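Produce the complete structure using the sequences and hints provided.
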Amino acid sequence: MNHQNKNIGFTTLVVLIISVLGLSSSVSAHNAYRDTCYSVGASGGYAYNIIYGHHGVFDVNAFLPVNPHFEGEINLHATTANTYAVAISAQPKFPIRRNGKDYGEILMDTRLMYELFLRNRIHGLAASFAVGYRWDYIYVKVGYGLRLASMMDLTSHSTDNGILEPHNLVYHAEVFVRPHTSPWNLSFCVTDMTESQMERMFTPIFIVNSYVDLSPHWRLEMSGKCKPVGIANLAPSFFGAEGKIGARYRF
Amino acid sequence: MKKLIYIYIVAIVALLFNSCDEDMKALVKSKAPTVNERYKQYMKYNLEHGYTTIQVHDDEYTVYVCTDTHVATVNKKLQTFIQTYRNDKTCPVAVCLGDLVDAYHSYYWFNDAFKHVKTIPSKPDTMFVTIGNHDVFFNQWEHYLEYWPTAMYYFVVETNGKNKAKDLYICLDNAQGTFGELQIKWLKHLLAEHGQYRHIIVYAHVNIFRRDNTSADIATVSLEETYELMSLFSQNGVEQFWSGHDHAREEFTHGGVKYIIVDSMEQENNNSFYMILHVGDKLNNTFHHIETDPALLDE
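Residue numbers (numbering that gives the first Met the number 0), protein chains in the order written: chain A, 0 to 250; chain B, 0 to 298.
Simulated from the structure, these hints should not be mistaken for laboratory data. Misleading hints may appear alongside valid ones.
Covered stretches of chain A, as calculated for chain B (at least 3 residues, CB under 8 Å) [said to hold, decoys possible]:
{"hint": "1", "stretch": "50–57"}
{"hint": "2", "stretch": "96–107"}
{"hint": "3", "stretch": "165–177"}
Short, incomplete list of chain B residues facing chain A, as computed with Cβ under 8 Å [stated by the list, open to error]:
{"hint": "4", "residue": "Glu47"}
{"hint": "5", "residue": "His48"}
{"hint": "6", "residue": "Glu192"}
If you're wondering where the values come from, they're calculated on a predicted model, not measured in any experiment. The C-beta atom is built at its ideal place from N, Cα and C for all residues, glycine as well.
Take a look at the structure:
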């Protein structure tokens, strides 16, 4: 069995992704909540993985619930391991109501993310589209993602192009202990798509999120992540973990 | 109704974790030691016994490569492969990229294949192997060590023709979906002296990219490890990275490194291939379909 070379022009595919998908929705921790307030947040913390060792992580996030049928989000991510990511999203949503009762909302979740691994001189664009459902205690999403990556310093004599990884299943399943209107909450999540990374589909990331409203405007947010590898090979081992704490101002 | 659904889910999960065909409990914890623990075992052996250098008379030679043989009790296709590379006068060494067996302690049958094949006097015909995910299922790791003392090593082929040259082949263990920090440090140390080699090739079992839908049901390594290795290979003269695991061939070049996934060579698969690396001043890869030698089918 032979496979054709799937290298394509990096610039061509960038233009294609942007024009076809347009703005997309982010899948950040804040996006999981049915928040109706514009907000900005920042968080920082400690992370460890077997490649980078101990390092710091930082995120700045803006959440834009434009109206009941549309919300957007921007997330900037940086680490002291010299990796960065920018994710932008726009998310049409369709509230489900019957006899005046709220039954959650269906979401068309799309996302465009630029991943910059400056330590390796490699960058990539990841894009995903997923259909989701969000209600008081659950948030689930499943869809399709792809990534185009390339080394930044390809020399003029190289015939290499970008490395396309298509056919990635993106998923997100999160359960909450409290409804979204609660002044505090705790959730448990498994996903391959965070605010800073779209992993391959068989490398799930396990996340615990929480928040506490300190006042009508200030929210304290905390999260913890764990990423094992090799689960789908029936030979799992620990890869990395992360803990963050941050604050969000809700207008 | 809710109770029935919960009972149904619990029953499915219980059946899953008690499946006889797969080590489903390994979804949570593998019975094999971690890659860092295996690294320490490998290095203990490697430091005591050193690394192999193979001498060849000519400037050019070939290396035969197979992978994912998944031997259970029938090893006739593997015998055919062994006979093929032993008969090739230009081939001093063969490599198997892991998933040697399927499960259940079949290394006896894998090694049995070598006993049935004639050796050619005065011709080196070493086969180097490494482990795949199937080789760490259940308690197979301990059984592997009874036959091979290491799965992380390097060997050098020295040519003694008109242009003396040294080619470096590095074997890594990523059977559990990660190389581990200790192994990557060892690799960096080894590649720091890449200038003395004509060609450098690295191989392991698990492919590090997921470029098509043939990888739909298997896992690769993490994104961070993929990119770390990409830059390491590109900056240190590695020309090719071989892997198996996917069971479907793939070749592409990026950053000056050719990444190759070799087809599987399972006994029951009618679409089995092996790869021949033709080594000279340049490297050239060819792929060859393999069927069990008809003479062996009657045995």
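Quiz item: With 8 Å as the cut and Cβ atoms as the points, is Glu192 (chain B) at the interface with chain A?
Solution: For Glu192 (chain B), the interface hint is violated, since the closest Cβ of chain A sits about 21 Å away, which is over 8 Å.
key: chain A contact restraint for Glu47 (chain B) - C-beta distance below 8 Å   = violated (26 Å)
- request: Closer than 8 Å, Cβ to Cβ, for at least three residues: run that test on the stretch 165–177 of chain A against chain B and report holds or violated.
  value: holds (count 3)
Whether chain B covers the stretch 50–57 of chain A (at least 3 residues having a Cβ closer than 8 Å to its Cβ atoms) = holds (count 3)
Count the residues of the stretch 96–107 of chain A whose CB lies closer than 8 Å to any CB of chain B, then report whether that count reaches three.
-> violated (count 0)
Fill in: Interface hint for His48 (chain B), Cβ within 8 Å of any Cβ on chain A
violated (27 Å)
Against the hints set out earlier in the document, violations occur for numbers 2, 4, 5, 6.
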